[in-house]
Amino acid sequence: EYDFQGLYKVTKVATKNLNRVIDRNYYPVAEARRSNMRHRPIGLGVQGLADAFLMMLLPFESDAARKLNEDIFETIYFAACEASCELAARDGPYETYQGSPASQGRLQFDLWGRVPKSGRWDWAGLKARIAQHGLRNSLLVAPMPTASTAQILGNNES
583 EYDFQGLYKV
593 TKVATKNLNR
603 VIDRNYYPVA
613 EARRSNMRHR
623 PIGLGVQGLA
633 DAFLMMLLPF
643 ESDAARKLNE
653 DIFETIYFAA
663 CEASCELAAR
673 DGPYETYQGS
683 PASQGRLQFD
693 LWGRVPKSGR
703 WDWAGLKARI
713 AQHGLRNSLL
723 VAPMPTASTA
733 QILGNNES
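The sequence shown begins at 583 in the working numbering and counts up by one.
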């Protein structure tokens with residue numbers, strides 16, 4: 583069985599650490615620093631999804647693999663949003679938060695007309711907290727190609 587609680591905890595730690603990098607980073611030009619400080623984007627990604635399917639003996643094209651994929655990404659997005667909201671409660675939302683979709687109560691899945699299906703996470707409660715405190719980061723997840731890093735760490739490129 584997949585450890586969603588473990589993924590949730592690790593994602594919150596990673597979100598808070600990446601947020602800290604924004605403040606401690608070296609910026610070669612003032613414009614880059616200004617943009618990062620205003621928008622505070624981070625990019626959590628995924629690798630090893632194919633490895634998880636293999637370890638769980640799930641055929642890649644199966645409904646079970648598709649559901650696990652959705653549940654993993656829902657968990658990552660929920661934990662990242664929650665951590666960013668906690669940071670905003672302490673440090674304030676990112677400078678350009680007002681007018682963003684999240685400031686209007688719309689998270690990424692709302693923009694795509696999707697509804698989280700797992701029932702594992704309290705999205706209504708999180709949205710209420712975001713309405714109260716905002717988010718510290720304008721971007722949270724950035725699934726991207728991870729070929730080089732995956733090879734270094736011994737994972738499949740997924």
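Just so you know, these hints were derived from the structure itself, not from any lab.
Treat the hints with care, as some may be off.
To be verified - List time: in silico DSSO-like cross-link candidates among lysine-lysine, alpha-carbon distance up to 27 Å:
#	residue 1	residue 2
1	699	649
2	699	598
3	709	591
4	699	709
5	699	591
6	594	649
7	709	649
Unchecked claim - Estimated spans, in silico, between C-beta atoms of each pair:
#	residue 1	residue 2	range
8	641	700	33 to 43 Å
9	608	645	24 to 34 Å
10	655	714	23 to 33 Å
11	671	620	15 to 25 Å
12	692	724	40 to 50 Å
13	592	704	11 to 21 Å
14	610	682	35 to 45 Å
15	704	584	12 to 22 Å
16	606	638	15 to 25 Å
17	707	673	17 to 27 Å
18	639	610	46 to 56 Å
19	610	641	28 to 38 Å
20	713	620	18 to 28 Å
21	633	691	38 to 48 Å
Ideal Cβ positions, reconstructed from N, Cα and C, are used throughout, including at glycine.
Hint-by-hint comparison with the structure:
no. : hint                   : result
1   : 699 to 649             : holds, 9 Å
2   : 699 to 598             : holds, 26 Å
3   : 709 to 591             : holds, 19 Å
4   : 699 to 709             : holds, 16 Å
5   : 699 to 591             : holds, 20 Å
6   : 594 to 649             : holds, 22 Å
7   : 709 to 649             : holds, 23 Å
8   : 641 to 700: 33 to 43 Å : violated, 21 Å
9   : 608 to 645: 24 to 34 Å : violated, 46 Å
10  : 655 to 714: 23 to 33 Å : holds, 25 Å
11  : 671 to 620: 15 to 25 Å : holds, 19 Å
12  : 692 to 724: 40 to 50 Å : violated, 19 Å
13  : 592 to 704: 11 to 21 Å : holds, 19 Å
14  : 610 to 682: 35 to 45 Å : violated, 27 Å
15  : 704 to 584: 12 to 22 Å : holds, 19 Å
16  : 606 to 638: 15 to 25 Å : violated, 37 Å
17  : 707 to 673: 17 to 27 Å : holds, 21 Å
18  : 639 to 610: 46 to 56 Å : holds, 47 Å
19  : 610 to 641: 28 to 38 Å : violated, 46 Å
20  : 713 to 620: 18 to 28 Å : holds, 21 Å
21  : 633 to 691: 38 to 48 Å : violated, 26 Å
The earlier numbered hints that this structure contradicts are 8, 9, 12, 14, 16, 19, 21.
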